[in-house]
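Colleague: Sequence:
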Amino acid sequence: MQIGLDIGSTMTKCVVMEGEQLLETILTPTGFSSVDTAERVAADLAARGYDVSEVPVVATGYGRIAVPYAAKKVTEITCHGRGASFLFGPEGTVLDVGGQDTKVIQLVGGKVKKFLMNDKCSAGTGKFLEVMANRMGVSQQRMAELAAAGEPTAISSMCTVFAESEVISLVGRGEPLENIANGVIESVVGRVVTLVRGVPGETYFLTGGLCENGYVLERLSAKLGKPVTSCPEARYAGAIGAALS
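In terms of our numbering, the sequence shown is numbered consecutively and its last residue is 249.
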């Protein structure tokens, strides 16, 4: 038995595995302190009958250094590659849209051959969508539904702060929410596709918090000209990869 813990900038994912069988999943906001989050996860695991002092824990993600009970700490790229290979197969290109960064990972034979990450700006990430949805006063799921019914409206700013100002201006001049939502999601999809051009592939998998957003999957597939597949467990790809390390 092994535990994988992925402390991301926005959400923390944890899995318990027995060999290659997924037994448990935990999803919780990371919050201000990764140390506190690690302790909260340990308490949640204990309540489910798993003692982190007895079951090996491998940590990854933004806050992996803050896990005092981790037997090992492994980089995100390695874990996301291994987790995606477990979920989808050993060949393909992983699109991991996280809270603060986006990673594109090329898998060959189940191993990472090449990868690229976006810069430190959160444009093109899940955080960008969260900020814009909050500004529009809707959930991210509702924003996707609105976008599907909207017309293209350009959100040109590369910076989240300036893009937020653009959205405020669009709202102020009466642009339909459907069109603004469409522009926001197209902006994120466009940035992900630009990153993918550096790591082209034939098969694409989406991991991270947007894995169940059908409209994002649809738009990524359309822009790449190839289907992008995912599954609910893809949110836990990093944690799965850590558990398998």
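Derived from the structure by calculation, the hints contain no laboratory data.
Misleading hints may appear alongside valid ones.
[Claimed, not checked] Quick list of in silico lysine-lysine cross-link-like pairs, DSBU-like style, CA-CA up to 35 Å:
no., residue 1, residue 2
1, Lys117, Lys131
2, Lys131, Lys115
3, Lys227, Lys131
4, Lys77, Lys118
5, Lys227, Lys76
6, Lys76, Lys118
7, Lys77, Lys117
8, Lys227, Lys115
9, Lys117, Lys227
10, Lys77, Lys115
11, Lys76, Lys115
Colleague: Can you list which hints this structure breaks, lowest number first?
Modeller: 5
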